[in-house]
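2 protein chains.
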Amino acid sequence: MNIHILTIGDELLIGQIVDTNSAWMGQQLNLNGMRVTGKSAVGDTKEAILEGVEQAGRNADAVIMTGGLGPTKDDITKKTLAEWFQSEMVFHPETYERIEGYFTKVGRAIPPAMRDQATLPEKALVLPNKVGTAPGMWFENAGKVYISLPGVPFEMEYLMQAEVIPRLKQRFEARPILHRTLLTACEGESNIARRIEAFEDQLPENIKLAYLPALGQVRLRLTATWPGPIVEDAEQQLAARLDAQKAALTALIPDLIYGEENTSLAEVVGQLLLQKGKKLGTAESCTGGYVAHLITSIPGASAYFPGSVVTYSYEMKHKLLGVPNALLQQYGAVSSEAVQAMALGALDALGADVALSISGIAGPDGGTPDKPVGTVWMAVADRTRVVVEKHVFGRDRLKNIQLTGTYALNLVRKFLLES
Amino acid sequence: MNIHILTIGDELLIGQIVDTNSAWMGQQLNLNGMRVTGKSAVGDTKEAILEGVEQAGRNADAVIMTGGLGPTKDDITKKTLAEWFQSEMVFHPETYERIEGYFTKVGRAIPPAMRDQATLPEKALVLPNKVGTAPGMWFENAGKVYISLPGVPFEMEYLMQAEVIPRLKQRFEARPILHRTLLTACEGESNIARRIEAFEDQLPENIKLAYLPALGQVRLRLTATWPGPIVEDAEQQLAARLDAQKAALTALIPDLIYGEENTSLAEVVGQLLLQKGKKLGTAESCTGGYVAHLITSIPGASAYFPGSVVTYSYEMKHKLLGVPNALLQQYGAVSSEAVQAMALGALDALGADVALSISGIAGPDGGTPDKPVGTVWMAVADRTRVVVEKHVFGRDRLKNIQLTGTYALNLVRKFLLES
Numbered sequence: 003m004n005i006h007i008l009t010i011g012d013e014l015l016i017g018q019i020v021d022t023n024s025a026w027m028g029q030q031l032n033l034n035g036m037r038v039t040g041k042s043a044v045g046d047t048k049e050a051i052l053e054g055v056e057q058a059g060r061n062a063d064a065v066i067m068t069g070g071l072g073p074t075k076d077d078i079t080k081k082t083l084a085e086w087f088q089s090e091m092v093f094h095p096e097t098y099e100r101i102e103g104y105f106t107k108v109g110r111a112i113p114p115a116m117r118d119q120a121t122l123p124e125k126a127l128v129l130p131n132k133v134g135t136a137p138g139m140w141f142e143n144a145g146k147v148y149i150s151l152p153g154v155p156f157e158m159e160y161l162m163q164a165e166v167i168p169r170l171k172q173r174f175e176a177r178p179i180l181h182r183t184l185l186t187a188c189e190g191e192s193n194i195a196r197r198i199e200a201f202e203d204q205l206p207e208n209i210k211l212a213y214l215p216a217l218g219q220v221r222l223r224l225t226a227t228w229p230g231p232i233v234e235d236a237e238q239q240l241a242a243r244l245d246a247q248k249a250a251l252t253a254l255i256p257d258l259i260y261g262e263e264n265t266s267l268a269e270v271v272g273q274l275l276l277q278k279g280k281k282l283g284t285a286e287s288c289t290g291g292y293v294a295h296l297i298t299s300i301p302g303a304s305a306y307f308p309g310s311v312v313t314y315s316y317e318m319k320h321k322l323l324g325v326p327n328a329l330l331q332q333y334g335a336v337s338s339e340a341v342q343a344m345a346l347g348a349l350d351a352l353g354a355d356v357a358l359s360i361s362g363i364a365g366p367d368g369g370t371p372d373k374p375v376g377t378v379w380m381a382v383a384d385r386t387r388v389v390v391e392k393h394v395f396g397r398d399r400l401k402n403i404q405l406t407g408t409y410a411l412n413l414v415r416k417f418l419l420e421s
Numbered sequence: 003m004n005i006h007i008l009t010i011g012d013e014l015l016i017g018q019i020v021d022t023n024s025a026w027m028g029q030q031l032n033l034n035g036m037r038v039t040g041k042s043a044v045g046d047t048k049e050a051i052l053e054g055v056e057q058a059g060r061n062a063d064a065v066i067m068t069g070g071l072g073p074t075k076d077d078i079t080k081k082t083l084a085e086w087f088q089s090e091m092v093f094h095p096e097t098y099e100r101i102e103g104y105f106t107k108v109g110r111a112i113p114p115a116m117r118d119q120a121t122l123p124e125k126a127l128v129l130p131n132k133v134g135t136a137p138g139m140w141f142e143n144a145g146k147v148y149i150s151l152p153g154v155p156f157e158m159e160y161l162m163q164a165e166v167i168p169r170l171k172q173r174f175e176a177r178p179i180l181h182r183t184l185l186t187a188c189e190g191e192s193n194i195a196r197r198i199e200a201f202e203d204q205l206p207e208n209i210k211l212a213y214l215p216a217l218g219q220v221r222l223r224l225t226a227t228w229p230g231p232i233v234e235d236a237e238q239q240l241a242a243r244l245d246a247q248k249a250a251l252t253a254l255i256p257d258l259i260y261g262e263e264n265t266s267l268a269e270v271v272g273q274l275l276l277q278k279g280k281k282l283g284t285a286e287s288c289t290g291g292y293v294a295h296l297i298t299s300i301p302g303a304s305a306y307f308p309g310s311v312v313t314y315s316y317e318m319k320h321k322l323l324g325v326p327n328a329l330l331q332q333y334g335a336v337s338s339e340a341v342q343a344m345a346l347g348a349l350d351a352l353g354a355d356v357a358l359s360i361s362g363i364a365g366p367d368g369g370t371p372d373k374p375v376g377t378v379w380m381a382v383a384d385r386t387r388v389v390v391e392k393h394v395f396g397r398d399r400l401k402n403i404q405l406t407g408t409y410a411l412n413l414v415r416k417f418l419l420e421s
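Listed in order, the protein sequences are those of chains A and B.
Each residue of the first sequence is one higher than the last, beginning at 3 in the working numbering.
Each residue of the second sequence is one higher than the last, beginning at 3 in the working numbering.
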């Protein structure tokens with residue numbers, strides 16, 4: 003089945019917003035065996051939306067629209083769709099009650115504009131939005147499906163997963179397709195490719211390997227589609243073949259793989275800490291709290307994370323972590339000596355069993371010839387040993403912070419595995 | 003003049019790549035008074051490209067295509083365009099020499115595939131690419147312009163700035179268009195809409211207001227287009243009218259506006275701290291370092307940010323911030339009393355002039371009937387006063403952390419304005 007994604011909003015055309023929605027949707031649909039054959043974006047005018055919908059429906063079995071469903075005046079998608087589907091607008095009490103409940107829960111009165119939010123085209127099947135106010139809508143016309151979703155990313159994502167994908171799979175017969183994803187950190191795409199070349203060459207036609215690189219990480223995704231006529235246990239057979247390939251791939255690069263599917267490095271570190279009954283503290287300089295944020299993004303982190311200090315100044319490194327001033331003067335804060343002292347100091351300051359410390363030059367300024375922007379030292383210590391690593395990343399501040407986060411968590415992971 | 007952007011490549015449809023190119027192009031064209039009226043993406047097949055070009059040309063004066071010009075086999079844009087414009091492919095010696103020079107400069111032999119790169123449709127005006135191998139192409143057909151550019155971002159950007167925009171401005175008379183964006187925090191779209199309803203109703207036809215919501219923030223964008231025949235000082239006149247509307251809008255909601263254009267809240271807070279010569283420290287519990295990360299994402303933050311403590315446990319709140327154990331036992335860590343004590347403790351612990359503290363229940367677990375998940379207390383203090391706020395957000399951990407970040411920085415901003 004072919005799908006067309008239509009995004010609505012002037013902000014997309016003038017480039018004020020980068021369209022991440024349609025990329026996310028393309029990925030999810032693809033993972034579920036549905037093919038996106040076209041995407042388009044139109045502005046917030048009735049004429050543009052009408053033409054966009056009509057063109058989109060010409061070559062696709064289903065059109066998924068995002069944007070233009072909010073309560074404000076520039077959001078005209080809903081009325082335009084009602085017109086296109088020749089449908090009356092009717093007040094939808096269930097939706098109004100849901101929105102009312104949403105406001106009650108957060109202790110606010112329901113704004114008058116919400117009556118409009120709950121007024122919907124009669125012909126639409128309403129897709130309840132549990133994470134926002136604007137519902138999704140599902141229309142059928144001449145054998146095709148037209149779906150309208152809000153443009154706010156997490157609302158769109160919720161509706162795609164809870165409503166749209168399951169309904170599309172039911173409506174159109176989806177072919178068995180399975181995925182397995184292995185997660186690697188701290189090694190580049192081409193180096194990984196070299197190590198698994200022979201594996202790639204022996205893969206059968208119906209199993210594909212994709213490299214999905216992100217900052218400091220590469221996900222390796224194996225996708226299997228059922229090759230022949232569909233038999234009763236097609237999915238089980240396909241899963242067995244795919245798992246055998248996954249095991250073969252894992253055996254080639256066990257040192258690079260930290261997890262599977264959607265696990266994050268912070269989650270893996272958290273699980274290891276729980277298993278070993280240890281508490282981790284962090285002392286950050288150039289990452290400014292980013293690593294603590296990664297760790298505490300995981301629910302239940304309080305069980306193994308007492309806290310963190312962000313010591314941006316020399317004074318704080320001395321005061322909160324007990325790093326000797328003489329050491330800072332002699333070696334500088336961006337040094338092997340400094341991060342070792344910070345990690346050891348953090349063990350005591352934070353009452354931790356294991357401590358991570360980071361000090362570097364995030365940029366864009368502050369570099370010197372022997373310590374250029376992007377230089378980062380990190381250490382992990384417990385009461386018996388310390389490991390230290392130095393990396394030189396690039397010139398972009400945010401990228402340096404994010405890359406450091408990945409490398410630092412991976413260093414903690416390896417330290418815990420050897421503990 | 004109306005422009006359509008057509009991006010070519012399977013990787014865009016399956017979401018393997020987020021399309022940042024077309025957002026950048028939209029911004030640049032818009033800044034130059036050209037209107038992007040549509041965008042579309044098609045896959046790497048001849049049929050899809052042909053249909054995409056034809057549809058794109060239907061409503062636009064110019065079509066700008068990106069992607070599909072590289073030397074590899076899946077890049078078929080060039081041949082497809084030659085066919086569509088009924089043009090022979092001819093070897094282009096100037097282009098070949100330019101590519102040869104490019105390889106000589108980096109000390110490599112020119113690969114054989116480069117003869118193909120220099121073989122171009124005869125009817126194309128060649129746009130020389132000084133930063134890569136694939137040239138851009140400019141076609142004219144039935145009064146319309148069709149431009150094909152490589153998909154590599156910096157090559158596309160070079161060609162847009164050096165060739166495409168100047169040529170388009172010459173070819174079509176560009177109409178003045180101007181934008182002003184006001185940034186608001188901590189108020190919902192519909193409540194803002196209610197407060198500025200009368201303003202919206204009085205806007206002239208040629209000035210539009212758009213609401214661009216994100217988590218905890220709404221950007222208000224005013225866009226003005228020149229309405230009549232173009233006069234010499236059209237742009238100045240338009241700017242004056244737009245700025246008058248911007249001032250009127252600002253006057254209605256001064257309490258909600260924290261900045262303009264692309265500033266972030268963390269930047270505004272940083273500027274205020276620099277202006278007032280004050281240092282900010284943060285003591286975070288449920289946000290786990292996220293606010294410190296936001297603050298330190300801004301280059302130069304070390305001038306006003308000595309550091310932060312993340313005190314996840316009662317023990318750390320007591321040890322690092324001096325919060326009395328009795329207070330924590332009596333009121334709990336998620337309380338007005340606790341955040342006040344944390345903020346006062348942080349002033350001393352971090353040697354700060356102003357301190358922010360946050361304590362709450364990020365979720366998904368840990369809520370109680372009187373302190374549900376999403377409950378967050380925050381305080382800002384200096385040595386003379388403390389302000390405290392309580393919010394109840396939702397059930398999603400990451401959203402709660404991010405929303406708290408916005409609300410907390412906005413509280414610091416308001417505190418500094420009154421200092």
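Treat the hints with caution; some may be incorrect.
Remember, identical chains collapse to one label, so a pair may be satisfied in a single copy or spanning two.
Derived BS3-like pairs (lysine-lysine); straight-line CA-CA distance at most 27 Å [to be verified]:
| id | residue 1 | residue 2 |
| --- | --- | --- |
| 1 | Lys107 | Lys401 |
| 2 | Lys48 | Lys321 |
| 3 | Lys125 | Lys210 |
| 4 | Lys392 | Lys321 |
| 5 | Lys373 | Lys107 |
| 6 | Lys392 | Lys132 |
| 7 | Lys48 | Lys146 |
| 8 | Lys48 | Lys125 |
| 9 | Lys321 | Lys278 |
| 10 | Lys81 | Lys321 |
Hints listed in this document are in silico derivations from the structure and should not be mistaken for laboratory results.
Just so we're clear, the structure is a prediction, and the values are computed from it rather than from any experiment.
Could you tell me which of the numbered hints above are not met by this structure, giving the numbers in increasing order?
2, 3, 10
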